[in-house]
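Please take these sequences and the hints and turn them into a complete structure.
Going down the list, the sequences are from chains A and B. 375 is the number that numbering that gives the first Met the number 0 gives the last residue of the first sequence; the numbers go up by one with no jumps. 446 is the number that numbering that gives the first Met the number 0 gives the last residue of the second sequence; the numbers go up by one with no jumps.
These are calculated hints, taken from the structure and not from any lab test. All residues carry an ideal CB built from backbone N, CA and C; glycine is no exception. Be aware that one or more of the hints could be misleading.
Covered, in the sense of this in silico footprint (three residues per stretch, anywhere, with C-beta under 8 Å from a C-beta of chain A), are these stretches of chain B [claimed, not checked]:
{"no.": "1", "segment": "25 to 33"}
{"no.": "2", "segment": "174 to 184"}
{"no.": "3", "segment": "295 to 309"}
{"no.": "4", "segment": "375 to 386"}
{"no.": "5", "segment": "412 to 418"}
{"no.": "6", "segment": "422 to 429"}
Going by beta-carbon spacing under 8 Å, a handful of chain B positions derived as facing chain A [to be verified]:
{"no.": "7", "residue": "15"}
{"no.": "8", "residue": "17"}
{"no.": "9", "residue": "46"}
{"no.": "10", "residue": "90"}
{"no.": "11", "residue": "92"}
{"no.": "12", "residue": "93"}
{"no.": "13", "residue": "96"}
{"no.": "14", "residue": "286"}
{"no.": "15", "residue": "287"}
{"no.": "16", "residue": "409"}
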Amino acid sequence: MEQTNLSAAKGIKKKSFAETTVGRITRFTIVRLFTLFITVVIGCYLTILIANMGGYVDNILKNDIRERTIMRVAAMTANQKISNEMRQQMMNEMIALEEKRLGLDTPFMIRSLTYLGNALQLDLGSALNMTSDSGSRKVNLIILERLPATLLLMGSSQLFLFFFSIFVALILSRNYGNFWDKLIITLSPTSSAPPWFYGIFFILIFAAVLKILPFSGMVSAPPPDNTWDYILSVLQHLILPGSSLIVSSLFLSIYNWRTFFLIYSSEDYVDMAKAKGLVSREIESKYILRPTLPTIITNFALLVIGLWTGATITETVFIWPGLGRTIYRAIGAYDTPVIVGSTIIYAYLLAITVFLLDFVYALVDPRVKVGGGSSS
Amino acid sequence: MKSIKKFFKDITSYPSAVAGVIVIFLLVIMAIYAMISIPYSEAIRLWRGGEEVWYQNPKTAPPSWFNIFYARKQPVSFSIKGGEGDFTKTVTVGEQGTSSVDFSYTWDFQADDYPQELIIYFDSTYESKNPFVSIYLTTPDGTKIRIGDFGVDEEMTYRFSQDEKLQKRLKTDKVIQKLFSIPDSDPVTTLKGNYTLTINAVTFETGSTIDAEFVNHGTVYGAFGTDIYRRDLTVPMLWGAPIALAFGLLAALGTSLLTMIISAVGAWYGGWIDALIQRITEINLVLPFLAILIMVGTFYSRSIWVILGVTVALSIFTGSIKTYRAIFMQVKESTYIEAAKAYGASNSRLIFNYMIPRIIPMLIPGLVSSVPSYVFLEASLAVLGLGDPVLPTWGKIINDAETNGALYKGQYYWILEPAILLMVTGLGFAMLGFALDRIFNPKLRGL
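Structure (structure tokens):
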């Protein structure tokens, strides 16, 4: 600051540190990282509050513990001669111990803050009731165990959807107005229905009536011993949920990309390129795809982090053992650490992606300067 | 006036928009019909009443009109009270206070399959000696089969298939099948024609009465069929329409109006208000939308109105607020705003009378196209088992059907009826919204 004033006073036309590229990027990086971090903190804390209903879930858990302990003590002391006071004391001790184990003995507001601190350090802690398949209560194990299933389902379907719709959209935008183009426009309202909805129809047609594909699950029971058979079985189970995820947004996705490309291909410089007699492939790659690259990259990045959340309802309908279903089950079991854990990871992924996208824009689009947006 | 005419001309040039309008119009009519023909309290009573409301209906019976497509015709369900219609009731007073009451009912049976069950509900009044009944069934070939003779309590249910004496007499435990078959046929085939149920009752006291209701649980029922709890699916199918429309429209309207007002306020005042709105939008992006809805449904309340409120609250601060903000930023600089400012219009007047009306045409397509997503959101929550506990909605029927394994058991009608209605609703709004988008958005014209 002082240096700026000094150089301005001296009238020397020399760029101050704050105006150099490095300075601008550094300042932008710090401010951006800070605001993003604050966003993640607030978002995460809100999720903690909501996941506990502001402490209301504590009451549910306490009542639950009380009820279970009373039953257990009654069962334990059923055949023993034991005085009522003894039984009462035993019960109270067990309740106190269980509440201590779940951390219910400290007030919720204090607990929520330690919770937040731990969550921000990605120390996700232990689940209250849920266990991973290997029997661990560690939240990150529970989440990691489900991740491959979700990545398989969401990854294969979303990546296919993304590239396939861009590919088709480019072809359609090249010769718009033909039969296929009109067909896609007509079919695009079908994307108003969510994937699980198509899932039900697919199960009905291919599993119930035609009996050629399995109803649900990820692998046939019992799972095949042979690795190849196992992979085949998983692929077979993948077809229905995967295609319902694809079909439910395919037409709208193609339509949106096609319209997007058409708007760009009606620009003057594209006409100019056509007039110059460039081949259409070159026009497409240099004059249409190049300026739309930031949008394509944004969409792709959001798609990749969107994989993380899974598809709760589709996974539920298909009984696919993915993350979405785990979160749904966690909510049903009042297991807040699992809910918060998955949210914080998503928040971090989103923040990092948003942060990186700013730089990627500057790389692919020479008109964009990092940190140059708001000041100029 | 001219612009409205032009707008309608534009609309009619899109066949999908016309189809969408027709669908929405039909849905509205269906919703009004549902609310008039089955008032709310009656709908709730029919839907949540319990066995005493549903006893007349068979279990998981497809709609009657399915018979058109079935190669093997199914027996249609019916129930009739003694003394009503063709179920005749004649009382003959005898000596010493006794009287004989004769019931008779004849119906045409043309099905290839057997009814689920035949039930007679008796209702009698007496002081010390209860009435005595004898039941007979006359088959089309003229045989009169004795079904049973017994004394009747004040309220009594007689099920044909559960009567052990009858099972012994007919030498089979498949009573219904035996009664409705051609004797000694192989393979067993139904005997078609007129069946007559005769009940001869004798009462032994003056003032003692007896009434009977004959319930025939067929395998097809009514216009929409029944579910596993014998509930008539007509109620939720009809009532699903007003609920879906109300939820979808209110959520879409509430979200887009609030988004528009908030972004207008932010764009107008700028400064910290604008910054705050931007930050809230970013935080909202981090919050897991569906998970929060599920949490509210699980922990707090499953009432459709609470869910509606939370949905709207979470949907305000999304990407669309940024789109609106960009448009308002442009509008803010227009000369007519400058002029209004010059003659001293207040801030609220500027926002609500000058800025917001300007972008309403841009709002409408988005509003109409977002209706299906909210309709399906309600259904999605219902499929997760978080539907409104009281109201009969389409999504809840899909959930019921799913959890009771309708797909595995081949009861496709149960899942298809609500699914098709949902699909039609979604498509109707989506098609109209799509066409409106192309009409209102000059960039898309001709594309």
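Closest C-beta approach of residue 17 of chain B to chain A relative to 8 Å, hint status
With a closest approach of 13 Å, the residue 17 of chain B hint is violated.
For the segment 174 to 184 of chain B, does the count of residues with a C-beta closer than 8 Å to a C-beta of chain A reach 3?
n = 0 at 8 Å, threshold three: violated.
Using the nearest Cβ pair, does residue 93 of chain B come within less than 8 Å of chain A?
violated (59 Å)
Does the segment 422 to 429 of chain B contain three or more residues whose Cβ lies closer than 8 Å to a Cβ of chain A?
holds (count 5)
Whether chain A covers the segment 25 to 33 of chain B (at least 3 residues having a Cβ closer than 8 Å to its Cβ atoms):
violated (count 0)
Next item in the hint list is residue 409 of chain B. Is there a CB on chain A closer than 8 Å to its CB?
Holds: closest Cβ of chain A sits about 7 Å from residue 409 of chain B, inside 8 Å.
Should the interface hint for residue 286 of chain B be scored as holding, given a Cβ-Cβ cut-off of 8 Å against chain A?
With a minimum Cβ separation of about 6 Å from chain A (threshold 8 Å), the hint on residue 286 of chain B holds.
Please verify that hint: residue 15 of chain B, Cβ, nearest Cβ of chain A, below 8 Å or not.
At about 7 Å, which falls below the 8 Å cut-off, the nearest Cβ of chain A leaves the hint on residue 15 of chain B intact, so it holds.
Given residue 96 of chain B was flagged as interface, is its beta-carbon under 8 Å from a beta-carbon of chain A?
violated (59 Å)
Using 8 Å as the Cβ threshold, decide whether residue 92 of chain B counts as touching chain A.
violated (59 Å)
Quick check: the segment 412 to 418 of chain B, covered by chain A? Criterion 3+ residues, Cβ under 8 Å.
holds (count 3)
Do at least three Cβ atoms from the segment 375 to 386 of chain B come closer than 8 Å to Cβ atoms of chain A?
Check passed, 5 qualifying residues.
In the structure shown, a violation is registered for the earlier hints numbered 1, 2, 8, 9, 10, 11, 12 and 13, in ascending order.
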